[in-house]
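A.B. asks: Protein sequence lines, in the order shown, are assigned to chains H and X. First residue of the first sequence: 112, per the numbering used here; consecutive thereafter. First residue of the second sequence: 13, per the numbering used here; consecutive thereafter.
Hints are not guaranteed to be accurate.
[Unchecked claim] Computed list of lysine to aspartate or glutamate pairs in DMTMM-like fashion (alpha-carbon distance at most 25 Å, straight line): (1) Lys190(H) / Glu116(X); (2) Lys196(H) / Glu345(X); (3) Lys142(H) / Asp184(X); (4) Lys154(X) / Glu129(H); (5) Lys151(X) / Glu129(H); (6) Lys213(H) / Glu281(X).
To be clear, the hints were calculated from the coordinates, so they are not data collected in a lab.
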Amino acid sequence: MSIKINQDKCIGCRKCIEACPGNLIKLDNKKAFIKRERDCWGCTSCLKECKAQAIEFFLGADVGGRGTILTFKEEGPIKHWIFSKGEKEIRTIDINSLESNKY
Amino acid sequence: MGKNITVEELNTDVLIIGGGTAGCYGAYILGLNGKYKVLIAEKANIKRSGCLAAGVNAINAYITKGRVPQDYVDYCKNDAKGIVREDLLLSISEGLNEATKTLEDNGLVILKDENGDYVTRGNRNIKINGENIKPILAKMAKDSKNVSIINHINITDLLVKENRVLGAVGFDVNDEKAYVIKAKAVLMATGGASGLYRPNNTGFSRHKMWYPPFNTGAGYAMGINAGAEMTTLEMRFIALRCKDTIAPTGTIAQGVRAKQMNGVGQIYETKYGVATCERVYGTTVENMEGRGPCYLKTDEISNEQQEDLYKAYLNMAPSQTLKWIEGGQGPAEQNVEIEGTEPYIVGGHTASGYWIDDDRATTVKGLYAAGDVAGGAPQKYVTGALVEGKIAAEGILKLLDDDNGADFDSSYEAIINNYNKHLNNSDSDISIEQVEEAMQKIMDEYAGGISKHYQFNDTGLVIARKLILGLFEVFEKLRANDADELLQIYELRDRLIVCLSLIEHLLARKETRWHSFAENMTHENEDENYRLYINSIKEVDGIRIIKRPLVVDEYEPLKFTFNEDNSISYAGGVVL
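Please take these sequences and the hints and turn them into a complete structure.
C.D. replies: If you want it as structure tokens, here you go:
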């Protein structure tokens, strides 16, 4: 369970660095990177901060990860959770933040 | 000449250590009054730090229609087999609904029916969209009058002179810079302790755990070192979670009414009792006796329910939805495997933490505690932590009306010297990570971790004590190459200190009242003589255990009193 920050997409805005509850993200050469990827809790706070959609969330192989990644995009009250494998999008789940959970 | 960390001094009326659930709400309440200068010192950033980082699925502590606060107290008391503080629980229960309303007024989405009433989930829960609950709370704190926030500083030690708190000392987690903070009152709200025991996932995903891996028991450790009394640390918390992702099970169990089923198809849901500890125990025994793996039976739910579960998990534990999508099979096609986590110390779920009075004052004058770090009141969850933040804030306001603190002294210098020592230690073969792994292995094997099915005995505990004590010597020699490593060193120190006190508590309760949470195989049965609190105080020559009578049934809310020299005069009765 961890994240990878796409260095091509990162705009070096530091928002993920500010938000990470584990102080795990640092800046190098104006790009953010996760310093200790094994120490990520998997809270996705950084994904929600990133306006450049540069952060990919994945499961470690030890907990069932097989290469699918999760990215996040916000448009108004709608949160898009995008699941992809390779370059291919598998599915997107949209959540309206003004609506409550059913469970 | 080695490295010398720079030092900045700060002054405030109230220092809040930890800007999580209780800390942010405490700041908000102090801001409503607005008279005193408040400073929140936060290790990460209050926007997403603490338990609520990813979101929360429901408000789990709420007095629903037709129920009264005492019902909630009774539920908690039964679940903890009687070892609770009824005074604390009642004061929490009475404030749950008001705190919920305040959150709603500040933007929390709560599900309502056609009459505008909250939709309940069972007797004590209401349904929400809790993905953004922490940013909401953080904004409330940030916008409060006279409240300032310093993010990214790790407070390591309280400054206490003759039992009166003077402030605290910490350092910037990104920079070799220390802070000495003078305060008239301190609210401890750091959260509980994870990472004491070897976790479920030991490899790459070692931090994929129930409780935040960044909550390392700093608040307990600081209090223990300052001589504050602690209670009921032996009531460990073990969560029943979805396997691998360690995501919540309550959403499935309560949301779609999925039953617990073992590997041979039997429903074992109520076979071992329904208390929180018994649900963990049942799953543990089924596995021990070869009937694992255990599941939540979800293969009867509809596709629509499955879609709603995907969304509910994205709002609090996205890894579980990712796991379902990754595996190509959701809960409608495949039952959800469950397992118990490693044990944690966390006062929001069990009764572990600071021994406090009805105002949330600790036994150190001027030091208050709220949320997961405060003891006596299990099942406080999010709303209970809010209420406790409020009560503590009100207690601090009362204190500051006629107590301006004590004169500052130079005791902070020894703490700064310790930072410098680690920054200047020479490299050694033993790394921070190795000591962490050693601690977790010792606790796992001798103090009732996952590999021992949570069971332990007096012989093993004595071994654990000796081995953990031995790690302190190695710890002293650890080198920090930068502030980030200094943070790791102090997170490790905090856990070692908590482990030592925990072991003494486990040894002191010579019975098994709670299966799995504290299952002592030297004393396998419940013992009426242990209907009391096990408390502890660290003294120069070791940890002293104090047994105190229960504050339950017919009781007076506990009020601590202090002597003129600030020493504690009354902190509850004593059982000899």
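A.B. asks: Taking the hints in turn, state whether each one holds.
C.D. replies: Now for the hints, and whether the structure bears them out:
For the suggested pair Lys190(H) and Glu116(X), the alpha carbons sit about 20 Å apart, so the restraint of at most 25 Å is met. Annotation: proposed proximity of Lys196(H) to Glu345(X) holds, straight-line Cα distance about 22 Å (limit 25 Å). Taken as a hint, the Lys142(H) and Asp184(X) pair is honoured in the structure, with Cα atoms around 22 Å apart against an allowance of 25 Å. Taking the CA atoms of Lys154(X) and Glu129(H), the gap is about 15 Å. The hint holds against a cut of 25 Å.
About 15 Å separates the Cα atoms of Lys151(X) and Glu129(H), which keeps this hinted pair within 25 Å; it holds. Note on Lys213(H) and Glu281(X): the hinted pairing holds, with a Cα-Cα distance of about 24 Å set against a maximum of 25 Å.
The structure is consistent with each of the numbered hints, conforming to all of them.
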